[in-house]
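This is what each chain is made of:
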Amino acid sequence: MQRAFFCLVAALLAVLAAPAARAYDIDYADDRPEALRACDESLFRGQRAESARCFAALLGADPDPRIRAEASWALGNVVTANEYFQEAFDTYPDDPRLRVRWGKLFQATFADTESQVLPLYREALALDPSYVPGILALAEVAAGRFEGRAREWVDEVLDLDDEAIGAHLLLARMELEVTNLEAAEASLDRALQLIEAKDHPPLEVYALRASVDLLRDVFESPWIARALEYNPSYGNAYAIPAHFFVITRRYREAIDFYQRAVELQPDLYTAHTELGVNLLRENRIDEAFSHLVTAYEGEGGYSSDKTVNTLRLIDSFENFTVEFFASETEPRGGGEGVILRLHQDQTEILTPYVLELINDSIVTFSERYAFEPAEPVIAELYPVAADFSVRTAGLPGIGLLGVTFGYLVAMNSPPPGLTGDFHWGTTLWHEIAHVFTLEATNHLVPRWFSEGVSVYEEWSSGPLPGRHIPIHVLQAMAEDKFLPIAELDEGFIRPTYENQVIVSYMQAGLICQYLASGFGQEALVTMLERFREGDDTAAAIVAATGIAPAEFDRRFAEHIEAELGTVLANLEPWTSAQMELQQHAQAAEWENVSAVAERAIELHPGYVEDGSPYLFLSNAQRELGDETAARETLLRYWQLGGYNPAALTRLSQWLTSAGDTENAIAVLEALVLVSPLDESVHSALGDLLLESRPADALVEFSVLAALNPHDQASINLRLARAYQALGDIDKATEYLLYALEIAPNYREAQQLLLEIVR
Amino acid sequence: MKRCAILAATALALQAGPARAELFYLIVGGLGGNPGYVERFAGDAADMAVAAERTLGSAERVRVLVGDNATRDALREALAELATAASAADRLAVFLIGHGSYDGTAYKFNLEGEDIDGAELSELLAAVPAQSQLLVNMTSASGSVLEEWAAAEGRAVITATRSGAERNATRFAEHWATALSAEDADMNKNGSISAREAFDYTARLVADSFETEGTLATEHPQLRGEAAGAFEVSRLTARVALTPEVDALNARLAGLEEQVAALRTRREELGDDYLPQLQALLVELALVQEQIDEATAE
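Residue numbers (the working numbering), protein chains in the order written: chain A, 1 to 758; chain B, 1 to 298.
Hints were generated in silico from the structure; no laboratory data involved.
Predicted, not measured: the structure shown is a model, and the values here were computed from it.
Treat the hints with care, as some may be off.
DMTMM-like mimics (lysine to aspartate or glutamate), calculated; alpha carbons at most 25 Å apart, straight line [stated by the list, open to error]:
#1 A:Lys731 with B:Asp184
#2 A:Lys198 with A:Glu34
#3 A:Lys731 with B:Glu284
#4 A:Lys731 with B:Glu290
#5 A:Lys731 with B:Asp272
#6 A:Lys731 with B:Glu123
Have a look at the derived ranges for each label pair, beta carbon to beta carbon [unchecked claim]:
#7 A:Glu662 with B:Asp208: 26 to 32 Å
#8 A:Glu662 with B:Gly113: 55 to 61 Å
#9 A:Gly466 with B:Thr237: 42 to 48 Å
#10 A:Val501 with B:Thr237: 53 to 59 Å
Ideal Cβ placement from N, Cα and C applies to all residues, glycine included.
Assemble the whole structure, with the sequences as input and the hints as a guide.
Take a look at the structure:
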């Protein structure tokens, strides 16, 4: 309840709060005025009183609004700083530096990047296209968004000015993000050399050197000590390295470092926010809330979207149910059990399926990867995609389906109705595989391998049969766009072309499949063991396969050629056939549709995604009056892993009509993993299960009841029948009475009631 | 729910009487404007006509105007004929499918040629003596006539939108057509679908369709008029010939239904005794129904 009032209380505090200390980063630009640099020394030494006196003196004495703006900002008065920047803008319309610094102020106060920050940087470059701080500012924004062009801009800066300290530091950060530690060190050495020569504070270099140590598993880095010697209250000595823990998914270590950061510097509010977000990833909700509130209050009305959105998300948790299922309870799972956090409107509907899938996956992966979860696996499903995005990144619109933070998995809930937007069962399976790869390696697994195992497990043990490779990935493969294994992480972290992340997912999955088929499942287990010991990809590959990465790449290419060479060679004629299919289908030329669809299937038999030729063929066969052939085609489509809900619904109806109850049940059970919120799936499945598996029928009817269908009398009759089949006559009678209470003339219910009482 | 059960029971009792009121249907598929809508409106009208004919057992009192035949003059003429043919004891169901508009003052139903406005339609409908009227306006902006049309006594009015401001093409008609033949729309399982049941079912399908698409709903169906609960708009099963024996059984059935409805109001008061008492009544009711089924099967 206390949290529910958060927004009101926080809004009040935002109004009352005095301007707070605001991130004032080191400005390495050569054109930074001397007057400001004189005050920087005390500021970055942590001598707050002295620096405040220095900047306050500037504010009172210097008539230049640009200096006053900087002084106000350094003193934490961002509103005043903004006003001085505005005044300076009118007075010095041709000053590119002014625009860059104003943009930095906007960035520090979490203004909108597209509409407020970037226009200022672009204006600066319009005034002076080779203005180094301007280009660098664009590079920093791009790097923050993990965009490939960040590197191009840094290169441009260094071409213009090899002594641009900020460029060397940014380069080091980018190298660290892809764990190129030697390259990062070289950039940091150069940056430190320049910093010392130009007498700038070395704090950032020290923190980044500590990050290098941390990525080498040296947690007590001497560089942190050096930073704190320079400035005893420099929270970023821990917060900067913590960022690299986060992006390598070592959330527990990140939490530890952020905690140290805020202990050293309690007004480092960005660290409070990050601490809150990462505590949430560890399911430590109360602590997370506390730090996020600290950030919100401290940021004095200029909070980041991440802070505000995450607080709102925590508020919304009161609409979720949280339930623990021990591994011994039915359906049995392994490990330490499962905790489900589901929206209260979906709890009764999703719990049976989510729990069964997680338990199955735990048992499967424990065996395949020789690792048992040491804590309960927590799964959260969000009906509102924006909430899930906030849960993941603090921001809406990130476009993922699921994410795993360790033992905690968060994902989108299935969409309502009979939509095939995503196969939630496969997504959940994929995410639980991450739990294993992350926890078995103490989060040291590289991104590519964790994704690779998850994709491989989707294909080999997941609820959806078959290997699902999108066409654009096959096209990338045909264009030889796969990366060497030792560089595959780059494809995830800094993609250089559209869809490269998806291409990288598929390459990683294919590599893991190749590892398992060529070197045995134990090769995957060995890889995990080596990663846990701190090996990089190259060393792990050697340990698991006995061959060097370059040789592995060569053999993998041969394997792909053998496995998919024909499909890749057929891509062009297949694409033409698909286009032909669309045209014939639109013109209702069913003979042609049938012929072209069969050709397309021959060229690429495994294609069951959107626009699958199996669907065209089945439609054509039905239109031509051959329902048996149409049914057989859809059956093949489903067996290959097709999951279009409309097609599976039709298939289940045809199978039911044809008396093939076993397959009809299997198809409907598959449909539940796509569209569990659709009533018709559960009613049809329950009806079919009633005779042979009444306990499962009862589950389906209970889920149907939880969906609150329009026809309440009918669902109560179904429940009565399930209880009758299970021999529970009292319950059967009770539900019959509920049915007849709504609909006293309900013949079928009346007949069953008479049958029971007679 | 309670009211629904009582009214349903009343409806059954009335049907059992010797002089049953006649039901007239008028189904109008307005101007489509493009081939897609032309086809859709005609298809919806045809589906509704099938349900109407099944309900009446013939097409005799089902009038359908669609496409080029759905003009202002044709509609006036059809309503004028009904003004002559129908008596006060009869019932009238009017289904308007298509596009409508509202300019802030007047509602217009788009027809081939000249449109007809809401006020004129209101006058024409008032001239039909049938005192029990169900008007289902499924067009865009139909909500603008809701209160005015519903003011007449004995009339139930359903609109696809809640106001004249909801101007997008509606999806109500498609779902209404489904409702008239859907077994699960028959909430009380009496083999017939009341206007209230059809409305509830349709409104839900409309809402679900927007939710499934993940889009904001652009129409919010409305219902006015108590008469909707008793107005049988579609029968799922054929009528059976009545005999004195069946009449007597039906009367007994109606009495038992009233007892069930009365018992339901005492649910909380009765506590644990409620279900046993309900069971006794329902068993008796089922036995009477069994006798009716046997009698009518012969």
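What hint numbers does the structure not satisfy? 6
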